[in-house]
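Student: Each chain, written out:
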Amino acid sequence: MNKGVAITGMGIISSIGNNVEENLNALKSVSHGISRIDLIETRHKDDIMVGEIKKTNEDLIKELGLDPLNSFSRTAMLGAIAAKEALVDAQISDINEYRTGFISGTSVGGMDTTEKFYLQYPESEENRRFIKAQHAGYTTQSVSNYLGINGYVSTISTACSSAANAIMLGARMIKAGKIDRMIVGGTDALSKFTINGFGTLMILSDEECTPFDDNRKGLNLGEAAAFLVLESEEIVEKENKKILGRVAGWANANDAYHQTASSSNGEGAYLAMKKALKIAGLEPQEIDYVNAHGTATPNNDLSEGVAMTRIFGEDKTPVFSSTKAFTGHTLAAAGSVEAVYSLLSLRENLIFPNLNFKTKMQEFALVPQTELLSKELNTILSNSFGFGGNCSTLIFTK
Amino acid sequence: MGECYINGIANISAQPTTDADRFLEEIISHKTSIFKAHDPNYKEFIKPAAMRRMSKSVKMGVTAASIALNNSGVEMPDAIITGTGMGCKQDSEKFLEKILYDDEQFLTPTLFIQSTHNTVGGQVALGLGCKAYNLTYVQGAASFESSLIDAQLMLLEEPEKNILVGGIDEVAKNSTLLHKLDGQIKEDDIDVINLLNSKTGGTVHSEGATFMMLGSKKTDTSHAKIVDIETISKASSEEAEKHIEAFLDRKGISIKDVDAVILGNNGDIDYDHYYRNLQDSLFSETEQLCYKHLIGDYPVASSFGFWLGCKIFEKNTVPDILKVNSTTAKKYDTVLLYNQYLGKNHSIALLQRC
Amino acid sequence: MAELQEELKEKIIEQLSLEDVEVSEIGDDDPLFGDGLGLDSIDALELIVLLEKDYGIKLKDPKEGKAIFESINVMADYISKHRTK
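Chains as they are written, first to last, in this note's numbering: chain A, -3 to 394; chain B, 3 to 356; chain C, 154 to 238.
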């Protein structure tokens, strides 16, 4: 087995909690964060359910101690909160002590501010500082500047697999000795843009989402940010760091089937899982638990399920669940949110349940774990898929 | 360090650069502060059925990818990595405006689907049926270089791979105009050829695409070797200079070994001192070349520098229009690239003849 | 009815950017998806919006579209029975 890259810190903010412990408590007490929309003005308020963080932008500005004239989008503020927690967790006080980089995944970037001010820009100078803030890279730099990271900073935007890909790149760069320490993850705020966008695809559920259920109606959008600190073996040894887990396997493959939909045989997902297992040096049977992408859209769950049966065998698929019914689908952040949950699973030897499941899908025998389960866990496989056929798999080990 | 060769290259810009045989013999004069790419005949490269939903950046990207593949002789890449500063701005803008003007009604999916930053990467993969690794970087002026850093790392991990790397950015009707409001684009139209002598803030914006096929082995089609690339999120002009010195040091290359330096001067009086400082110090005795007075600026404009480097090695000459000082190199074997935008997203790259 | 069919063909060509297709090339009974006009699932979603916007017909489940968009004739028939504008 590949030893993998050490994870020494994590941080998260989601609709089920403002930090790691709050998220863990919500997962353990099986209390989800799906509600109606309170903070965005949209005509779809009563049509859909979302995983919204019940903090206003003013709350977030205060919490971060930002200048009132800052140009942080909501996406950037959520990112800064989660990344800060991760640094504290990793007990990093001098950010520039080692070669440190930052990679964030985002899909909306500053869209939440752009959609508020777009029509005002030509007339009013007041909010023009947010024009630049629209770009995804600007969101990332708002966070990296906040943390004091000036060297390697990058953004990955591959829709809903962005954060998983950020974790993958960070692990690869550390493994190759290109950098000593990398803060990796993703952030996405809810926006009218994505609410309407996913609306046009007719894949938003008007109820709490039901991953892997035969009668699933679609996804709940969510917002979140989550970051991990990855560090080289040298730092870990020198500073005798506590290790939360390791990124042992990673892979990205493309379904090359359709712009948004996944193929019926789950080819991209299959290839990603297969290669991640190979990199981790693990056999499929050695995986203790799968944190599935499981968005609860008819297309995703079928395609992912088929891919799992191809990798593991229909009757040998490990315990699996999708945690999207807790948080909603947090788009670009999903991969790192679920990485944090996977690390909590490893730490607590607990599998968090797939909520709202009632009826087994007709197409295969797979049934997700629906109750909180105590189990010795050493290896977890986590999937994240996005538009453009983008399929990513990460494997976390103790 | 794994070796990294450019084994195929294609460029679409506001100049006629698509034809592999030509090297800026003919210059199109642009007189506005926002201007479009000089379009090749996209129909030669894309089937009508596939083309009907494509925005400009998808057309440019798919076409440049196709030419670069052809140029390298590789039929199926083992990875596709793209960089874009602003992604598919045209479709994002149209979708956003429909949300705002039509009060979130009667929206259609095509614009949304194509608003994601990885649309071009996904479309290239879909067109080729390429199931390999496919990533998209979005880091302002360092977007293209971010993709190169990933590709370089991958060649270290898996040297047998052929990696298609591309940079794409497009002009969109209203969102590009917004950059006039926040000072990124010059308020008044100018004769772009005189951009570098401008005395005002902001620059001129345009669009384009560069695709390259990278491999760890030199082939018959190799244009250049990428010795190394580095990106720096934020630096002062002095810090940028130190970064460049340290970069060259690590490569065991002295300033004298650099035959020409390709700089990203964009006529923004508030930020061109990043380049001026280098022109007056480190590279005062080096041949200095600039290109944004030909193609404008946009997040992946720096990818044009890689195309220039390859052309210079191939033709062994530099068109006068690029020269900004009186020094002429005796040979063109080693070329350094440096770019930044608004003091952020700095990139340094070193190309060598191979 | 024939008028509605012509109208639909024009609208489909415009909405789906079928630049190389002429109204006369679309037969009333030709399949719109697959082998016929070659439309795909994204086009189906576009057509659902067209039904709502121009004829006041709101489909809740995208799967319903499959039967309705079989051909121009089937579509015209459905619209004339269910239109609210």
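These are calculated hints, taken from the structure and not from any lab test. Among the hints, erroneous ones may be present.
Said to hold, decoys possible - Computed list of chain C residues with no C-beta within reach of chain B, every gap over 12 angstroms:
#, residue
1, GLU163
2, ASP193
3, ALA197
4, GLU205
5, ASP207
6, SER224
7, THR237
Said to hold, decoys possible - In silico lysine to any residue, SDA-like type, Cα no more than 25 angstroms apart, as pairs:
#, chain 1, residue 1, chain 2, residue 2
8, C, LYS219, B, LYS45
9, A, LYS51, A, ASN123
10, B, LYS45, C, ALA155
Note that the coordinates shown come from a computational prediction; the quantities given were computed from them, not determined experimentally. Note that the Cβ used here is the ideal one computed from N, Cα and C, for glycine as well.
Student: All the hints need checking, so say for each whether the structure fits it.
Tutor: Do the hints match the structure? See the list:
1. GLU163: holds, 16 angstroms
2. ASP193: Nearest chain B Cβ is 10 angstroms from C/ASP193, so the label is violated.
3. ALA197: violated, 10 angstroms
4. GLU205: violated, 7 angstroms
5. ASP207: violated, 9 angstroms
6. SER224: holds, 19 angstroms
7. THR237: holds, 15 angstroms
8. C/LYS219 / B/LYS45: violated, 31 angstroms
9. A/LYS51 / A/ASN123: holds, 21 angstroms
10. B/LYS45 / C/ALA155: Outside the cut-off at roughly 35 angstroms; violated.
Consistency with the previously given hints fails for numbers 2, 3, 4, 5, 8, 10, ordered from lowest to highest.
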